[in-house]
Amino acid sequence: MASERSSPDALSPDALAGRWHPPSSSRGVDAAMHVEAGGVAVVTDSGGHILAEATLVSVDISPRVGSIPRRLSFPNGSVFETGDNDGVDRALTPLRGRGAGFIHGLERFRPRLALFVVLVAILAVGTYRYAVPLLVEVAIAATPPVVPRLLSQSAMVSLDQTLLDESKLADAAREALDEGFAALAALTPRGADGYTLNFRDGGRVGPNAFALPDGNVVITDQLVRLMEDDREAVLGVLAHEIGHVEREHSLRQLYRAAGVTGLVLLIGGDIGGGVEDVLIQGAALASLSYSRSQEAEADRFSVELMHKAGRDPAALARFFEKLRDDFSDTAESDFLSSHPATPQRIEETRRYAEELAASAAR
Amino acid sequence: MTTDADAPHEAAPPLEMRRHPFEFHGTAREYFGIWIVNVLLTILTVGIYSAWAKVRRLRYFHGNTRLAGSSFDYHARPVQILAGRIIVLAILIVYNLSAYFLPQIVSGIIGIAFLFAIPWFVARGLRFRARVTSYRNVRFDFTGGYGGAFLSYLLGSMLTWGTLGLLAPIGSQWIWNYTLGNLRYGDRPIRCDPRLEKLYGQLVMPAAVFLGGLVAIVGIGVIAFVAALGTSLDVESYLPSDFAVIGILAAIYAAMLPFFLLYVLVGLLYGAGARNVALNETVIDGRHILASTIGRWRFAWIAISNFFATLFTLGLLRPWAAVRMARYLAGATALYSAGPLDDYLSTVKDSEGVVGSEFMDIEGFDFGF
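The listed protein sequences correspond, in order, to chains A and B. Each residue of the first sequence is one higher than the last, beginning at 3 in the numbering used here. Each residue of the second sequence is one higher than the last, beginning at 248 in the numbering used here.
It is possible that part of the hints are untrue.
Said to hold, decoys possible - Cβ pair distances, simulated, as ranges:
| id | chain 1 | residue 1 | chain 2 | residue 2 | range |
| --- | --- | --- | --- | --- | --- |
| 1 | A | 96 | B | 275 | 27 to 37 Å |
| 2 | A | 147 | B | 469 | 53 to 63 Å |
| 3 | A | 135 | B | 594 | 49 to 59 Å |
| 4 | B | 315 | A | 48 | 47 to 57 Å |
| 5 | B | 263 | A | 119 | 48 to 58 Å |
| 6 | B | 556 | A | 51 | 44 to 54 Å |
| 7 | A | 51 | B | 330 | 41 to 51 Å |
| 8 | A | 62 | B | 555 | 21 to 31 Å |
| 9 | A | 127 | B | 551 | 26 to 36 Å |
| 10 | B | 353 | A | 206 | 16 to 26 Å |
Calculated directly from the structure, the hints in this document are not laboratory data. Quick reminder that beta carbons are idealized off the backbone N, C-alpha and C, glycines included.
Chain A extracted, bound-state conformation:
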């Protein structure tokens, strides 16, 4: 690829050897380029004939990446290509101060790259631990109230169409729970108006309760019947759901998943498809752990709210005990679950309730 430097001009020490292409053509000739006084770049062929000529400022020079050939596009559309990266940088130095560019300077193989590795590790952990939660908070603050409303309405419609049916509970049972629920909701910042309790036949869902982000709380007939002789425990469950709404858990979970996936996607090209898939799977596992911490937070919220309402703060624990006894729900491991293990929740709820009662007694 090295060309003969037979032309007198090209003999100057700053001459760069390379190949010259006419505009838009694959035809190439061995050529040399040098920069004359006044910053004029001149490309000549081996016979010394001028092929292209322009002030260096008007030449479009591709940034240096590793040691791939540099492309110098002249205003007339012709291109001079050279592997002599250092030569190009030398020619550019009087013009730009630093020919190779800042980024290339960072990329050179030097001991400091080890520092970059450490920085990347710290930043990756830091982004995950601090920047993502921060971004989630910003997104939550920026979310207009219509968003959770729309989200909830569509979720409610979908659930009613697929899983849930009209409640078959007696009116008396409903009214009693409604009353207790309103009393609990009145003690929260959103107030009683911010919440609606909905009764549904759970069908396949079984005994369950869940909260939609706009304050609609759904409880299944099966759960009410399961705890028929312990209305206080049902209120404990409802307080737990109020906790989810109050702490905006659904939106947090949604934004967090979107944020983490987005970051993985953006870095995907640099880590390869296989590892990218592993990271996305890992993020899904990590979001389960996040969900467990939200459940624990809602459990504590229930204890606090029940305590505030002058009810039994440990009522929720009795519901878990019922689950444990009736459904032999005793597994200790929760690694693959969105909820903490039930025995652990019972213990933690009881412990926190006692702690609250003790501090209140003091």
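Here the structure of chain A is known, so what remains is to put chain B in place on it, guided by the hints.
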């Protein structure tokens, strides 16, 4: 090991054809610096630098791929890529949110509309990629349209999946014919007509590996199950609980892993064979012929060991892995030229359609060329 993969030409190239091997000149050492700075600045800028990172990465790989003494080049501007990424991320967010916010029927319609939009993204993306790629100062171009992308990407993948790979050769025939056969170098066409029987020929060995692997995995599974029963594992006590479901899910997950690895291996073996067939039947400008001589097992080994090396070093060996694969693929590819490569003219001035290209990048479509 490689004999089966090297599908010989219909007729041996005429003697006056010159063989030019592709060469890859990048090094893991040099790419490491580019890579770590890419990752560092991408994290520091919360993803914005990823557009610049992509351009530097692709320029490094194109610029180090040489053929007959000249290298390829990649011309996309980072700002173009950034704009494309922002638009694609916005589309994906709106699409995903619609599943939450809108009634099922509406979001279902949007989902179907989105599915039908994919071929458009693919066609635009392939055109963008072709147009920002050059060799010897001449840009590539891509003339494939919506219909071809619909056939090769949507119907082709349905055909492949729906028949457990039995009709995969038809899918790969469509896809190679579409992606390579619609490519142009300057103003000259490139033809790619991989023949179906040759593609089927590449399916035999992977299919045998698949069946053999299936028997082995199931056999080992049965033995393990019997052994587990032998240690009197109280299976019944798990059944009524909610958490039993999760335990069973975990077990299924673990049990699926060997099947998944087998599927990946078979996919790599077949994909390498199909690439050989397709490139060997690719003619540029009616006279230059491509040749691909990938060893299927060697290729699968490189891909799988690259993945685990990257994973177990928390990404640190990724530059080495990427360079290793690029070097192997280049070394197994050649061009037989009949006459000079001098008289080509670039017809593409500038590029558009970056949205499609970024969609493919973010959604993970992959191309062999």
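Each hint, compared with the structure:
{"no.": "1", "hint": "A:96 with B:275: 27 to 37 Å", "result": "holds (34 Å)"}
{"no.": "2", "hint": "A:147 with B:469: 53 to 63 Å", "result": "holds (57 Å)"}
{"no.": "3", "hint": "A:135 with B:594: 49 to 59 Å", "result": "holds (51 Å)"}
{"no.": "4", "hint": "B:315 with A:48: 47 to 57 Å", "result": "violated (20 Å)"}
{"no.": "5", "hint": "B:263 with A:119: 48 to 58 Å", "result": "holds (52 Å)"}
{"no.": "6", "hint": "B:556 with A:51: 44 to 54 Å", "result": "holds (52 Å)"}
{"no.": "7", "hint": "A:51 with B:330: 41 to 51 Å", "result": "holds (42 Å)"}
{"no.": "8", "hint": "A:62 with B:555: 21 to 31 Å", "result": "violated (42 Å)"}
{"no.": "9", "hint": "A:127 with B:551: 26 to 36 Å", "result": "holds (28 Å)"}
{"no.": "10", "hint": "B:353 with A:206: 16 to 26 Å", "result": "holds (25 Å)"}
In this structure, the earlier hints numbered 4, 8 are contradicted, and the remaining ones agree with it.
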